[in-house]
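J.: The chain contents come next:
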Amino acid sequence: MIICKVIGNVWATRKEEALNGLKLMIVCRMDITTEQEHESFVAVDCVGAGIGEPVLVVTGSSARKAFDNPNIPVDAAIVGIIDGSES
Amino acid sequence: MIICKVIGNVWATRKEEALNGLKLMIVCRMDITTEQEHESFVAVDCVGAGIGEPVLVVTGSSARKAFDNPNIPVDAAIVGIIDGSES
Amino acid sequence: MIICKVIGNVWATRKEEALNGLKLMIVCRMDITTEQEHESFVAVDCVGAGIGEPVLVVTGSSARKAFDNPNIPVDAAIVGIIDGSES
Amino acid sequence: MIICKVIGNVWATRKEEALNGLKLMIVCRMDITTEQEHESFVAVDCVGAGIGEPVLVVTGSSARKAFDNPNIPVDAAIVGIIDGSES
Amino acid sequence: MIICKVIGNVWATRKEEALNGLKLMIVCRMDITTEQEHESFVAVDCVGAGIGEPVLVVTGSSARKAFDNPNIPVDAAIVGIIDGSES
Numbered sequence: 001m002i003i004c005k006v007i008g009n010v011w012a013t014r015k016e017e018a019l020n021g022l023k024l025m026i027v028c029r030m031d032i033t034t035e036q037e038h039e040s041f042v043a044v045d046c047v048g049a050g051i052g053e054p055v056l057v058v059t060g061s062s063a064r065k066a067f068d069n070p071n072i073p074v075d076a077a078i079v080g081i082i083d084g085s086e087s
Numbered sequence: 001m002i003i004c005k006v007i008g009n010v011w012a013t014r015k016e017e018a019l020n021g022l023k024l025m026i027v028c029r030m031d032i033t034t035e036q037e038h039e040s041f042v043a044v045d046c047v048g049a050g051i052g053e054p055v056l057v058v059t060g061s062s063a064r065k066a067f068d069n070p071n072i073p074v075d076a077a078i079v080g081i082i083d084g085s086e087s
Numbered sequence: 001m002i003i004c005k006v007i008g009n010v011w012a013t014r015k016e017e018a019l020n021g022l023k024l025m026i027v028c029r030m031d032i033t034t035e036q037e038h039e040s041f042v043a044v045d046c047v048g049a050g051i052g053e054p055v056l057v058v059t060g061s062s063a064r065k066a067f068d069n070p071n072i073p074v075d076a077a078i079v080g081i082i083d084g085s086e087s
Numbered sequence: 001m002i003i004c005k006v007i008g009n010v011w012a013t014r015k016e017e018a019l020n021g022l023k024l025m026i027v028c029r030m031d032i033t034t035e036q037e038h039e040s041f042v043a044v045d046c047v048g049a050g051i052g053e054p055v056l057v058v059t060g061s062s063a064r065k066a067f068d069n070p071n072i073p074v075d076a077a078i079v080g081i082i083d084g085s086e087s
Numbered sequence: 001m002i003i004c005k006v007i008g009n010v011w012a013t014r015k016e017e018a019l020n021g022l023k024l025m026i027v028c029r030m031d032i033t034t035e036q037e038h039e040s041f042v043a044v045d046c047v048g049a050g051i052g053e054p055v056l057v058v059t060g061s062s063a064r065k066a067f068d069n070p071n072i073p074v075d076a077a078i079v080g081i082i083d084g085s086e087s
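For the record, the sequence lines run as chains A, B, C, D and E.
Quick note on numbering: the first sequence equals residues 1 to 87 in our numbering.
Quick note on numbering: the second sequence equals residues 1 to 87 in our numbering.
Quick note on numbering: the third sequence equals residues 1 to 87 in our numbering.
Quick note on numbering: the fourth sequence equals residues 1 to 87 in our numbering.
Quick note on numbering: the fifth sequence equals residues 1 to 87 in our numbering.
Rather than coming from a laboratory, the hints here were simulated on the basis of the structure.
Quick caveat: nothing in here was measured; it's all calculated off a predicted structure.
Don't take each hint at face value.
Copies of the same chain look alike in the list, so a pair counts if it works inside one copy or between any two.
In silico lysine to aspartate or glutamate, EDC-like type, Cα no more than 20 Å apart, as pairs [stated by the list, open to error]: (1) Lys-23 <-> Glu-86; (2) Lys-5 <-> Glu-86; (3) Lys-5 <-> Asp-68; (4) Lys-5 <-> Asp-83; (5) Lys-5 <-> Glu-39; (6) Lys-5 <-> Glu-53; (7) Lys-23 <-> Asp-68; (8) Lys-5 <-> Asp-31.
The following block holds chain A by itself, in its conformation from the complex (with noise of 0.2 Å):
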């Protein structure tokens, strides 16, 4: 998993019907040890989380066991929402 910052959301009329109700947010990878500057990338939130949270993201197959239904094309959820850490 990665450590994201949630900076924002995007909406999309079209598009696939398993899609509809889900929050697409839209979240940049933070790094603790790199300065390297971060892509961004669209992820479904499950926990609720808000803009400028840090927040766990799970990509891959494994994102998608974070719903109850395993059959929607999602490649990449928010899975919690990070309290602290410690290094």
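Based on these hints, arrange chains B, C, D and E on the given structure of chain A.
T.: Then chains B, C, D and E, alone, in the frame of chain A:
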């Protein structure tokens, strides 16, 4: 998922039978946070996207979930046409 | 999927039994939007592609869907020979 | 799999129920061949790894195979503590 | 699949039970088209590869297909020893 722009299409007469009838679009990742140049790739269109439109693309095994037949050799699908975003 | 050029082939006498009889081609990603140099990798040919031809390559678990036996250790397959493109 | 160093841990009160009780560690890839700086990411610890230890991390869908419940939204798992290597 | 060179091996006493008995090799990607330095990673040897040999490595979920037990937490496997190539 990633936000891409549809920049063209590609055709192949000799191809895997399961790909027959699918619209193969050339897409290019768009990014609002970095200025990095992105490579283009091919995604199957599921929502009737046109050249120049910003779209939502799902990749990997999840791309197959956008099709009635989950056994197609497809690793990228256009699953939404983006109307707007806020960030 | 990505657009690649077939640049060679590779052979291996000692290999996983499930790979017997498969054509292992060396391919290199082609890109129309960036000038970046691309690494070559090995994809199994499913459509009779020849050296020098532009092809459509599917990667990851979806590559296995191009074969009758879905239980082969293959993560990249050539699934189409590209006739043309427009962008 | 990749060799990583455990550099910290992260906690999230609001999270997917399936993640309850899992130890979320921050890990950073180590490489003996390049000097490249690596990004950190989050992996679930399955073997009792401690901060500073070199570990073996499996990513993608295979990470789920390290758990009794294969339906968890996890894409990276620590599956071994490295005692030594030879190269 | 990618062409790699076996450069060493790694051992871990404390590890996931399903990894017992597997040979964990350190491999490094070889590339004939670019001069880029590549990172090393760990792949499970399925074909009896030795240090220094060029091998074919399959990654992701497809790596699990190289084993009798498809439920092991492995994301990279050596599935062939390369005898030669032409490009």
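J.: All the hints need checking, so say for each whether the structure fits it.
T.: Tested hints:
Taking the closest pair of Cα atoms, Lys-23 and Glu-86 come within 20 Å of each other only across two copies (13 Å); inside a single copy the shortest separation is 29 Å, beyond that limit. Within a single copy, Lys-5 and Glu-86 get their C-alpha atoms as close as 17 Å, and across copies as close as 14 Å, so both meet the 20 Å cut-off. Taking the closest pair of Cα atoms, Lys-5 and Asp-68 never come within 20 Å of each other, the shortest separation being 25 Å inside a single copy and 30 Å across copies. Taking the shortest Cα distances, Lys-5 and Asp-83 sit within 20 Å of each other inside one copy (13 Å), while across copies they are farther apart (22 Å).
Both within a single protomer and between protomers do Lys-5 and Glu-39 lie at most 20 Å apart by alpha-carbon distance, with minima of 11 Å and 15 Å respectively. In this homomeric assembly, Lys-5 and Glu-53 come within 20 Å of each other (Cα to Cα) only inside a single copy, at 6 Å, whereas the closest approach across copies is 26 Å. Proximity of Lys-23 to Asp-68 under the C-alpha cut-off of 20 Å is restricted to the intra-copy arrangement: shortest distance 15 Å within a copy versus 23 Å between copies. For the homomeric pair Lys-5 and Asp-31, the shortest alpha-carbon distances inside one copy (10 Å) and between copies (15 Å) are both at most 20 Å.
The earlier numbered hint that this structure contradicts is number 3, and it is the only one.
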